[in-house]
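Heads up: the protein sequence lines correspond to chains W and X, in order.
Going by the numbering used here, 347 is the number at position 347 of the first sequence; the sequence numbering is gapless.
Going by the numbering used here, 522 is the number at position 522 of the second sequence; the sequence numbering is gapless.
Treat the hints as calculated values from the structure; they're not laboratory data.
None of these values were measured; they are calculated from a predicted model.
Mixed in with the good hints, there may be bad ones.
[To be verified] The calculated lysine to aspartate or glutamate pairs, modelled on DMTMM-like cross-linking and capped at a C-alpha distance of 20 Å, are:
| hint | chain 1 | residue 1 | chain 2 | residue 2 |
| --- | --- | --- | --- | --- |
| 1 | W | 634 | X | 39 |
| 2 | W | 634 | X | 43 |
| 3 | X | 574 | W | 903 |
| 4 | W | 776 | W | 340 |
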Amino acid sequence: MILKNDDHSLKPCVRQRFAKQTKVFSLLLFLLGSISYAVEAADFEKMAVVETLQQTITGTITDTQGVPLPGANVVIKGTTTGAAADFDGNYSITANAGDVLVFTYTGYTSTERTVGADNVINVSLEEGLALDEVVVTGYTTETKRETTAAVSIVKAEELAAIPSGNVEQQLQGRVAGVTVLTNGQPGTTSQIRVRGFGAFGGNEPLYVVDGVPVGSTDFLNPDDIATTTVLKDAAAASIYGARAANGVVVYTTKQGARSKKTEVFVNVSSGLTDPNVAGSPEMLNPQDMAEYTHIAYRNNAAATGTTPQYTHPQYGDQPTPRLPDYLHANGANGVVGTVDLAAIQAAYEADPENVFLIRPNLEGTNWYKEITRPAPLTRVTLGIDGGTERGRFYFGFSAQDQDGIVLSQSFTRYAARFNSEWDIAPWLAVGENFQVTYRSVLGLFGGDGGLGVADDESEVLSAYRMPTIIPVFDEFGSYASTRAAGFNNPRNPVRRLVRNAGDDRSYNIGGNGNIYLLLKPIDGLTIRSSLGGAYGNSHFVNYNFRYLGDSEPEASNSFSEGSSYFLSWTFTNTVQYEKLFGKHKIKAFGGVEALNTGAGRFVNGNGINPFSTDLDFQNLNVVQSPNVNSGQFKGVNFYSLFGKVDYNWDEKYYLTGVIRRDGSSRFGGNNRFGTFPAVSGAWRVIAEPFMQNQDIISDLKIRGGWGEMGNSNNVDPNNQFSLFASNRGNTFYPIDGQNSGANEGFAQSRIGNPDAKWETSTTTNIGFDLGMFNDKLEIILDWWEKDTEDLLFQVPLAGVTGNFASAPAVNIASMRNAGVDFQIVNRGNITEDLSYTVTLNNSFLTNEITFLADGIEFFDGGSYRGIRPIRNAVGQSLSTFFGYKVAGYFNSQAEVDSSPAQDGAGIGRFRYEDVNGDGVITPDDRTFLGSAVPDYTGGATINLRYKNLEFETYWYASLGNEIWNQSKWFTDFFGTFEGSAKGVRAKQSWTPELGNNAAAPIWESASNLSTSGAENSWYVEDGSFLRLQRLAFIYSFDQDMIEKWGLTKFKLGVSANNIWTITDYSGLDPVVSGPDTNFGIDVGNFPVTPSYLISLEIGL
Amino acid sequence: MYNFFISLKQKLTMKTMSRVKKLTLCVMALLVVSISCSDEFLEIAPTGSLADAQVGTKDGIEGLLIGTYAALNGVFGNRFEGPNHWITGSILGGDANKGTDAGDYSSINPVQRFEHDATQGDLNNLWRGRFEGVSRANAVLAALANATDVTPADVARLAGEARMLRGHFYFDLKKHFNSIPVFDETIAPTDIVAIPNTPDVWPQIEADFQFAFDNLPAVNGAGRVNKWAAGAYLAKAYLYQGKFAQAKTMFDDVIANGVTSDGQAYALLDDYAQIYNAENDNHAESVMDVESANNTGSTQNANAFDDLNYPYNTGPDGPGNCCGFFQPSIELGNSFRTDASGLPLLDGSYNDPANAVANNFQHVVVDGNDEGTFVEDAGNLDPRIDHSMGRMGIPYLDWIEHPGSAWIRSFPYAGPYSPKKYIYYRSQENSFTDGSSWTRGYAIMNYTIIRFADVLLMAAEAEVEAGTLDQARTYVNMVRARAANSAHWVREYDDSGFAANYNISEYPPAQFADQASAREAVRFERKLELSGEGHRFFDLVRWGVASDVINSYLQFEGQFLVTKFGGASFTAGKNEFQPIPQPQIDIQGPDILTQNPGY
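Okay, chain X solo, but in the shape it has when bound (with noise of 0.2 Å):
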């Protein structure tokens, strides 16, 4: 018996020594396999999204030449950042301003009035969203150069389109900021941020635009840039540098032979309102749009930009939902005074009260509420002030008859205006809007960048210059004879006749009889043109002229607007350009990146 048990005990020893040693091979090579597989097991790759062999090939490439044209409404969803610069502008040139009341979107306020600083935080964005642009563009060029399966054709146009695009993007920033730097794709980005920035970009701009110019096709398709595009971008370039006679000969050029990039030879439209009009997109006049359409998935995609920009609790009898933003200013409203003859009062003599174009202001604000009393303008009107600005008593595009302070936030704050260009239609609600997102506010009209109306002007400039008045005084003509265009005027909705009493004609020789009065009429023609396009502060600082003009405007818009621009000035030799962003001088060092003058 004794035995037995210590048989079984030992049977019970060996048998558990055995399992434990089973057991321990067990979890040792569990351990093992664990770790041999661990690297492997530890490498997850990415969902979602390429590397950079896949955006190497050609198919990769036009992707990334998409994604550059895809900023060129902006990337961080800043309103700033929209290609029109309807702040930066229009509102600084004095065209318009912020809308509204005062608390609303109030980092404008600053703005508005020319007293912010570069903490000033909506510029950051713009200067950002602008570099990304840059740097987009360069990732385009960087994988061309590395490209093995794209054909030299196709290496010509796309990189003619990325430069096209980056010397936009430098523009852009250089209008704004004057010093940037700039770099293009050869260079790495640790070296970028070494770049200090300078004034002394022109050359880098003329060379993409050449560059584009060079070897863009006329014809490269609806959304595209085009040779000619470059060709009046190169211009304009010129033009800002005073290079007039090298600007005259490319403005000549593109007159002549330029064509949209769906191969219409360039002109203007018979109907003004219809440069706005998202249906007649991509139209005879557009040299350089961006596109804008709806049912994308985002957006960002038509022109999130203007959502802000229509008038305010219309109800379903007005478009837009919101916000009431972006008002024209009392003092481009009386800029459409005309005299008898059809002519602008150029000698400024517009806003005297004799000649200011009556408005309900005074009757709401002044007068206590009293707008049942309004009387509509009876004074001769430069036609082209009813597809501009919104104003009571006038038809609404296809909407209602504009019925005053009812579509206006704050009256005392923001005046009796509301914005009309770029507003889509009753009949476009859904159709060509993108109605996915909070407001119905995202048209989907392109912006033009340049048009062919602004070529002809810029061109008139450059002739001028050049002291071929008569040809300066042609291309301007050929701008009003299309506002002059009665059947295309605006008129009441019972057809009872033009909503206003509208008076425009050619200029006579007289005008243009020398460089200064030709000049002076130019120059008034794109504000009336071209107001609220974002083209009036960088055309008046260019001008050499920004202080004088705004200043008188501040003080004498300031007078309805008291709490907007009451003391509001206008710093010569400060305002002209924005601050350089604080927090990229933060990052990049002041040494690197030195202030514009005078912040």
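Isolated chain W (complex conformation) (with noise of 0.2 Å):
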């Protein structure tokens, strides 16, 4: 629907915005015009001092054991001013007498040498210490010494071996404090939550790329990324005030290096993921399916006091069941015998899509195995960078090209990254970040991108609905389905998947990145000036083709098509100083930022029976029935202002403050604006002098800290508005009587909050940094808590005011989190060529609804099949299981009648636990029985390195979370969908003799109460894990040798992934995700599975 009317009162506000943009960007063009001004001048004065002032340097940068660092820095202390080393570690620069220069290399130690008389400066570096690791904030970067916050690094190689479609997947275990749940779909979302659940949606943390907030990091290369930071608390994310509630990622990309040679890599991996169809689920056999359906038919007549009916269509009217020769031949089901081949035949000419001919598969169809397949993968990244004196440059081109196990499922990415500086004067840089991205997903499951695939009944449930005895073709080569009589209505997921699926087409094309503008126009002041942005465009193309061979058929052929646009853009300004005074240093830093998280378009249409569904005739044009979509969507915008402060006494005592006030359009007028504030402060004990006389610590920080953050995700923007609307399914009406086509109508659809302001949440941390035996051993601890209060709720409104407009979010619920993070590393040399490293990252988690709403103590998940398995209590964690408690089976007739009074009861049946003792089996007797938020996830790398020789595993374990298996409510019963495919658990329901040791109840068709029609603890199984994540040998080849080669890197390296899995869940597999308030239930779970990949990084 669009505006109607022309007087709309808000509209007088757009043309103003309007104006107002054109005029930050005017701005935005004079100060780039007052700068190229100020240029010119500069140049020629600075020309002129130089001249007498500066000489050559020139050495060589070497690790201790004197083998050269080719790309280490070396920068001016202070200034812009820096080179790198060549290959042979070889550098050169022009300094000042007394100017300082400062010597920098990734993962080492950073050293500083003062410029006095001599031209040659020769340094070594110092491995291992990270205590100048540089931190990217986004805004800023200080050293790891410097810190205060609560901040992890992940560096580029440790991430680069991992064969995942999207970045944030590789956060999976290596960054205490970060949890992820992702699933084997190539091109997934995934469920990253750093420190827990701060509301009831929208906690994925913000994604910085470059300075730039991103809504999705999917369009990254893995090999593009140079580090990748965690901002975990609130001193090191608050200054991302609104939005850092939930964490902050900073990704910054590779960005070549001033005087560096110019270098070009190639990474190139490929391999395999293997369906792992060994370690799917068992279904029964056709044999066993025929007699477990008889014995279902036996136990229905003990339960009804009657004599057993054998009644299936299939299996024939005795005790002992048969099999049939034929399931279907046009109409006959059942057959046994031999059928009129010609006259079938012919019928099938006459009629090819209406006749079908079904033998069974006696030897029973593996579905799982039909619907997969192993799924090659492969990702080339050429990768050049390099830079002259005045400016540094990376360019990356990346393909990836990768397929899901299950059929006509796939990824594909190609990316295009140019980053790179100028100088234009001494003072003053131009810089920019741009890419070009090219992303196809064909096939997802499941909502939200892929991450609702779990609790969807996808493809991968259907494999376990379809019966073993259906062949996947009949026997004139059409698709076999429940056309055969006596098998419900399980559809054939082939079919589904290859003709349905294969030929659609999805893609979105977008452009991303910044330019920036560095000026230093004194010492110790930086400001910094960008303009960043993206703009996407995407298209699809679904086609769906009549099948009438299901027991429920396709009747029409359907065609849609759509297509979106969107535009989003930051506009930041930061200003920083730094300065020493004595011991006093102070780094003062200030900006303000303007955004929208992405204002568009979409448009998209579908219909029925085209004339012809030959691919190229088919569009919007030629279906009947056509039915088109648009709408637009105007994004968020935001103004902020935010500030810190950094002050050190002798790089003794650290304190910092932050705050930050965050304007948004998501909020009303009253409660527009919230600020933000942080305080940190560390104490670096080893510094102090009575530190110095031992050797077992060698580094000893004491952080902690506390501050405010916002969150906003969780709110509509039209919260703050009381609106009516039409809706084609529930205000439209034919009023005139018509057949054809309705009438709009109107009504409320939003019952506004203008109140509604930002949910806070409090932090507070305190941790430590500890490095022993000169760092052989390093200890990161911290321990966190997060209140998060005003949470934003929909308190649901009574059903008397009408519930089609929904509800507004009001300020009102809080949840607490908490937990430890701390992370382990020892190294070390076994001997003098085998050296070994063990990270060990382990996060706690504890999360708890403190409050709800007045007189609200909880409220449901979603709704699956009538079962109801979530229920977000205040006292409990999100995502905790609500149910009836199963005590056991009624074994016999007396305890049926001995038991508390339960609806359905009967012997085999669940026999659920009275809860509150009042004698009868109430839905007041349903109670908490675990939760899917795990108490621990952890990973642990060991990396052993002999000579040129690396090995590495990488494990990841969660634990003490519980998931709750649905898909048992498919398999594990008769008579749920009476005839479709079961279990082999079918084997082990409740007989006499297993009593409560049956592993499913009574084989029979009845569903109620005590069989399959409530939620129950035997659905929910405990979803803890250890898995072997990575397991991999890489060889870097002589360098000598490679040289001769006309190489500068050469490095073989073959990994095998997800390919041990240690559980006791019976699902596919243990990792299930979902939405917050309603994660960890399992309907078909698409699971992660092992993957073999050989990986090339070739240096030229």
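Starting from two chains that each stand alone, build the complex the way the hints lay out.
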């Protein structure tokens, strides 16, 4: 629907805003103009000075063993003037006497030398001391030594060989305090949570790429990334104020370096993902299925005191079932003996869509095997970087092509990135980061970009609903399915994947990045102005084809097509001043930022039964009942001011204060602005005199911080307005009595809350960084607590007030998260040639809803075939399972009679616990049954290096989380879609002999509270697991050998991923994601399965 | 030389300073401008929606009224919200059972067995859907109160329609939940939640219908409610309360003077089957309809609430795709048995084995799949049976002869019959259905909330209670006479004759000689004439016979459909009404919403 009324009260504002945006851009131009004027003058003056004062310094940068460090940096302290070492570690830089040169190399301790009389300065850098590692916080950088906050850095090389489509998946287990739930679909989004769950939704962290906040990082090529920094507590993140409550993940992409020879690298990873057919749940074979169908008939009869009736259309009417010769022969079902093949052939030729001849597959079709395949994956990245004295650049081109293990799933991404920075004058640089990306994800299951696959009835579930006796194809080569009677309503998943999904197309293409100016007008002062943005365009085409062979056939050919675009922008201006007064060092930083999260439009349409199903023919003009939708979105505007002051005395005592004030168009005028302060401090104990005469502790810093951060992700921008809208399904009505088409009507669509404001998280963090035995052992420990107040919660409105309008989100609820993150690194040499590094990342988390609203103690999650597994309740964590507690089975009629009254009670059915002890089983006896939130997640990396050979294993563990195995509803009860495929647990279904040891209730048709009709603890399984995620060998060829080949680097790696999982969970995969208030439910989860990769890193 | 350097340095410093100043000024200016703009910058108008002022105009109010009509067939997409109450009216009344198999839509299982509790989620959606209707009607009325550009005539019409619809929504809530909160458009939402539920809501309902009757025109456009629909509904409200005299007066007026909203005098159609044909929508028998249409961009404007209610696994030989729900009961089939003189077996002996209608259940379930030996029933039958239920061997509209178990999803669970009313014809595929979704089963015939035969039979009840038994007989016989028109009986496809041995006649005066037997005949006629149309359960409850009738039904049907009904029973004093949904009690508090007895 479009705005119909020109005198809309808010319209004039739109024009003004446009005018104002123009104003902002003209100002930017003015700024540029004035700078370029200043440049000319400055260049001239500077040259005059330079002639007499500067000298050229050369030297070699090596490690402590004398091995050159190509690409190591040397910078004149307090300036941007710098150079990089060449392949032999040689550098050359012009500097003034008295200048301090700072030598740095990633992963090595930096060192400083003052320029004196000597023109040659050779340095050797020590490995491993992380203190001088640069922490990129998005707006600024600081060293690890300086930081007072909880920050984790992941180096590019740690992530290089993990075969993921999206970079955020690589964080799993690598960062203490970050949990990642993902699935095996290429191109899927994942649930990334930094330190728990702050709100009832919108808990994804803020992603910042090269200083520009982005909505998603799915465009990023892992090989382009230089560093990943996770800002966890308020001290680190609150500079992002209102968007920081869920943590901030800051990516920087590769940049090249000044005065560096141009280098070319090529990374190739190629391999295969295995669908792990052997690990798929086992289904009853055709004989067993027939047998258990008749067992169910006998159990039905016993339960009702009648004689067993064998009524299945395929298995015969005798107590011993038989398998037919034809499941279906042109209308006849369960045919034993011969059929008139000629007549059926003729019928088929006359009406090929509607005539089927299906023979049983007596060996049994493994439908999981049929819908999956070994899926190849290849990623190639070409990178070129380098620089001159006055600039640096990086160019990266990458292509990733990855198939999903499920037929017709694929992921393709082509990306080209160009980053550069050039000095216009010694005090002025301009730079840009720009990427253009083509991305196509096909056949993804589940909402939220694949995140919702776990609780989706996807084709993975179809594979467990389709009886094994049905073959993939019938005798005519048509897809076989449930036109054969007696198998209920599953649909042939191979057909759906190949025929319906195989021709679909979907992609998006877009660019994003920023341009910036960097000014250093006087010593210590840096001004940065950045204009960033993203533009994207997407298109999709879906074809579905009529198929009449299912019991519930798809009767129409259908076609849909659509497009959309968006544009977002961010304009950031910051000023930083740094000065040392004796032992007092002060760094002041301030900025202003305006942004729009993305505005655009979409249009799509669909229709049925085009004249021809030829792919080249179909479009929206040739379909019947075309139906067109379109809409627009304007994004959210933010306007922010922020500042930060860092002070330290003698690099011993550190104090940092941060404040940010944000305004957002998500909120009404009453509460639009929020202010978010944070303070933190650190004491570098190691710098104290009393620490100097010992050699056990090599580093010790104690940190503490407190601060507030905001969140507004979980509220609709229209929350502030009371609105009316039309909706084709719910407010349209054929008021003239017509049979075709309906008239537009309206209804209240939203009840506004103009007073809504930011959710505020208050974080306290206390931690220490400890290095021992010359940093052979490092421990970083943080204890944290995050209390979120004013949580936006849509308090459920009483039905009597009308429930079509969205209830307003009001700031009422609260939640508490607390935990401990710690990282332990142990490194050393076993022999001279054999070194090792062991890294453990550990996160402990507790999450609790502390308040919802007056009189509201809970809200429930979604419903799955009448089962409602989740209750989010005060005093519990998010996504806590709720239902009846199974005490056992009714093992005898006496037990039925003597137990508390329970609807549907019967022998072999679930016997529930009378939790409230009132002698009758009612909904009040439902109780909490465990939570999807793990108590502990962690990762362990063990790295061994022997000469040129590196061995790495990486383990990931999740403990203390439960999974609701809803797929058992389909496979473990006979009566749920009776006739469809069932699992082998049928064989351990209740019998008097098995009693309470049975794995499922008695095999029967009934469906009620005591069988498949209620949520209960039988579905809840321990979801803890330990997984070997990576086992890799990497061989680096000898330097002198590859030089002969004209290369600078040549590494060959092989890895096996996800090859071993230890878990008690009976489903396909224990990693079960979903939306925060409704996750951990496995209906047909998409598994993470083993993959095997070969990777090459070649440097030219 | 030195001086030169000094002066250069000074110059440089000055230049630097001026440059810095300039830059600082720029940055400052940028900050200041940005700040002054920020309030406007942070206001973004919503897209694709309207504000109060826009819907407050006459056109806007017309739109709100259309939105209110749109709530007639539900708002939340739940099938319990369907206006035909196929579950809470027909299944609970014994016209049909859930059909399909045990596991499919299993939340209906405890409902049809009268074992459900207040947490049953579908009933919560029914509650919410109907109160949303009330809320939309109130929005129309509230907007009218403030409108300045609406003529008094339009105010009367718009308010009349809104109040008629509100009365309907309240009536639906009343008959399901008995005790409900009632309020009009003058009550603010904050006060609405404090209104307790009470059974004493008839005055509000009567007032709404009375207002609509007084203010609506007789001819108001085919898709809208009119004066006479309001009159009929008002009379129905009287009847539900036992105000027979008032009901009779009103029914007399409606029967004598009533016209459909497009001006046709109320009349019975010649052909019973044509009541349910989309090509015949808004016919002379439609007193109050829910309009249904295709090509609207949403199947919710077609009969989405009935999308499951088709035979199963028919392929292209039958309608719909899915899902084998709403299977007529064996008991209902037997009820169509007539005696040699063409009258129903009012003594209940139709269920006796000697009288029961032959069906293929025995052949499939008991005798081991020997469906081939099934012989069609040869006894006397009311011809409406084959307009009302799909039976093996009988032409299924213009599709094929019902093939028996091949079209039934789970024979032992749900019995031998398929639904047949409100089913579209083969010739209507994609022209009188909406084919744009996963199933073909989005038919577009209007569901008739009140049809003229219903009015006649309700009027007959009022006449019986008033003692004017002959008039009651006249009404009942009007209905039977139409059914007796052999021109419209179901015939074999080869035109070899009628599909079964139909025998129906009008009641002789003897049946209406005393009030009790007249009452018996009138009530049974409602069962036959209106089967599967959502009335039965509510009729049984208001007649005070629900417990007896339903328990004997459950016992009878449970002999066959053992898994479905074995051990089920109706609890008198409890199951007459649905529980107040627990989520609503949780939200409003047990001090505001009192749970119904027994739950």
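Against the structure, the hints come out as follows:
| no. | hint | in the structure |
| --- | --- | --- |
| 1 | W:634 <-> X:39 | holds (16 Å) |
| 2 | W:634 <-> X:43 | holds (11 Å) |
| 3 | X:574 <-> W:903 | holds (16 Å) |
| 4 | W:776 <-> W:340 | violated (81 Å) |
Of the numbered hints listed earlier, the single one contradicted by the structure is hint 4.
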